[in-house]
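K.L.:
Residue-level listing of the chains:
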Amino acid sequence: MARLRVLFENGDPEQTIECDLAKAPFHHDGEPGSILDILLGHGLALEHACGGNCACTTCHVIVTEGMQQLSENEEEEDDMLDRAPGLRPTSRLGCQAVMADGDVTILIPRHTINQQV
Amino acid sequence: MQTAGASSPSSPCGSSPQAFEATIARIVERTPDTRSFFLHIVGSQGSRKFSFKPGQFLSFSLPAGEQTITRAYTIASLPEDSEHLEICLNRVADGPGSAYLFSRKEADVLRFTGPWGTFVLDQPLNAEYVFIADRVGVIPFRSMIQRLLSRSEKSTARLLYAAREESDLLYRAEWQAWERQDPRFSFRPILEPHHPRRPDGYGVEKSLLPYIEQHYVQNDTRRDRQFYICGIGRPILLLRDLLRGAGYERKAVKYEKW
Numbered sequence: 001m002a003r004l005r006v007l008f009e010n011g012d013p014e015q016t017i018e019c020d021l022a023k024a025p026f027h028h029d030g031e032p033g034s035i036l037d038i039l040l041g042h043g044l045a046l047e048h049a050c051g052g053n054c055a056c057t058t059c060h061v062i063v064t065e066g067m068q069q070l071s072e073n074e075e076e077e078d079d080m081l082d083r084a085p086g087l088r089p090t091s092r093l094g095c096q097a098v099m100a101d102g103d104v105t106i107l108i109p110r111h112t113i114n115q116q117v
Numbered sequence: 001m002q003t004a005g006a007s008s009p010s011s012p013c014g015s016s017p018q019a020f021e022a023t024i025a026r027i028v029e030r031t032p033d034t035r036s037f038f039l040h041i042v043g044s045q046g047s048r049k050f051s052f053k054p055g056q057f058l059s060f061s062l063p064a065g066e067q068t069i070t071r072a073y074t075i076a077s078l079p080e081d082s083e084h085l086e087i088c089l090n091r092v093a094d095g096p097g098s099a100y101l102f103s104r105k106e107a108d109v110l111r112f113t114g115p116w117g118t119f120v121l122d123q124p125l126n127a128e129y130v131f132i133a134d135r136v137g138v139i140p141f142r143s144m145i146q147r148l149l150s151r152s153e154k155s156t157a158r159l160l161y162a163a164r165e166e167s168d169l170l171y172r173a174e175w176q177a178w179e180r181q182d183p184r185f186s187f188r189p190i191l192e193p194h195h196p197r198r199p200d201g202y203g204v205e206k207s208l209l210p211y212i213e214q215h216y217v218q219n220d221t222r223r224d225r226q227f228y229i230c231g232i233g234r235p236i237l238l239l240r241d242l243l244r245g246a247g248y249e250r251k252a253v254k255y256e257k258w
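Order-wise, the sequence lines are chains H and L.
In terms of the numbering used here, the first sequence opens at residue 1 and continues consecutively.
In terms of the numbering used here, the second sequence opens at residue 1 and continues consecutively.
Please note that the accuracy of each hint is not assured.
[Said to hold, decoys possible] In silico contact screen, one side only, chain L against chain H (beta carbon under 10 Å); selected entries:
| id | residue |
| --- | --- |
| 1 | S59 |
| 2 | A64 |
| 3 | Q67 |
| 4 | G97 |
| 5 | V109 |
| 6 | R111 |
| 7 | G114 |
| 8 | G117 |
| 9 | Q146 |
| 10 | R244 |
| 11 | K254 |
| 12 | Y255 |
| 13 | K257 |
| 14 | W258 |
Bear in mind the hints are in silico, worked out from the structure with no lab data behind them.
Idealized CB from N, CA, C, for every residue including glycine.
Could you build all of it, start to finish, from the sequences and the hints given here?
P.N.:
Encoded structure:
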């Protein structure tokens, strides 16, 4: 069983999702079993303008606990994160970070930035 | 559904992607499985020009059974085309987003947000640009190349474009016309060898990779080019790895993988 605790930088009340990863995908968007997939499949709509394809940074989250329960970053995710605002050492893209059983806590940043006009 | 991160997206320059409603003004069949949708923004936003950078995309919320999915489609038109926004997409087998859009008709309404995306043409350098496209990955390059050639007199642009058949080459007449009109631009279609199933990425592995390895890695010591790569699936990453591994700077090899 995986447990995902979600904190909000904007002050919204935290939420915790428990799920059976064997049932992933929970939704159409993002890698199956990813933070984005879990959130969407359990009623939390994280921004993901590109559809969860690692083509934007709107699903940027900051992992505060349980980094070892997530898949390792690939170069593609790192290339994209380079363009994310407010980047921190434990930043991940929700669409790419796939959970393993265990506990993970993430912080949803107040703002996401992914456009240049 | 609660929205995680309730604040609106913002940008360093203060402008934000916005929500738009548009009617489908026209549908054009580009190839048997690829269509262009020309969108006309309606409402109060319709009177303003939709501003975007070449290479950016629109994000659509589309129904898929009982769920709503998000699908991104790159803008095929140029920022200077103020009348209609064009998106061009192929029908994806078992793809709920393209299935929905291919069932739409002219005058139907679509809702989207945008513009989004950072796979854009940076401030043009006086350099040799190589644009590498696999199938519908060519779409962002239409506006990028035009912008590059109009903004940077000393730049050159070469488009390497892999497709299954000659008839699958999107905007072929346009590329050919540009090539005739502007000596700084060259167009090289690369057709895939025959394969009974033609899996995704086949054209990259069998056509683009060997071509690029030969021309830009093995037979050449220059490493000052700017590469833009776009296409579908993990084989696009092979092109990235080939070029970065050959000594091109990481930031000179930009890519977007769908």
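K.L.:
Decide, hint by hint, whether the structure agrees.
P.N.:
Structure-based check of all given hints:
Hint status for S59(L) relative to chain H: holds, with the closest Cβ pair at about 4 Å, below 10 Å. Because the beta carbon of A64(L) sits about 6 Å from the nearest beta carbon in chain H, less than 10 Å, this interface hint is met. For Q67(L), the interface hint holds, the least distance from its beta-carbon to any beta-carbon of chain H being 6 Å, beneath 10 Å. For G97(L), the interface hint holds, since its Cβ comes within 10 Å of a Cβ in chain H; the closest pair sits about 7 Å apart.
Interface restraint check for V109(L): the shortest CB-CB distance to chain H comes to about 20 Å, outside 10 Å, so the restraint is violated. With 10 Å as the threshold, the beta carbon of R111(L) stays out of range of chain H, its nearest partner Cβ sitting at about 13 Å, so the hint is violated. The beta carbon of G114(L) comes within 8 Å of a beta carbon in chain H, closer than 10 Å, and the hint placing it at the interface holds. Interface restraint check for G117(L): the shortest CB-CB distance to chain H comes to about 6 Å, inside 10 Å, so the restraint holds.
Restraint check, Q146(L) versus chain H: the minimum CB separation of about 18 Å is more than 10 Å; hint violated. With its C-beta approaching chain H no nearer than about 9 Å, R244(L) sits inside the 10 Å limit, and its interface hint holds. Below 10 Å, beta-carbon pairs count as interface contacts, and K254(L) has one with chain H at about 9 Å; its hint therefore holds. The interface hint given for Y255(L) is met, as the beta carbon of that residue sits about 8 Å from the closest beta carbon of chain H, less than 10 Å.
A distance limit of 10 Å between C-beta atoms decides the matter here; for K257(L) the minimum to chain H is near 7 Å, and the interface restraint holds. With a least beta-carbon distance of about 6 Å to chain H, the hint placing W258(L) at the interface is held under the 10 Å criterion.
Of the numbered hints listed earlier, those contradicted by the structure are 5, 6 and 9.
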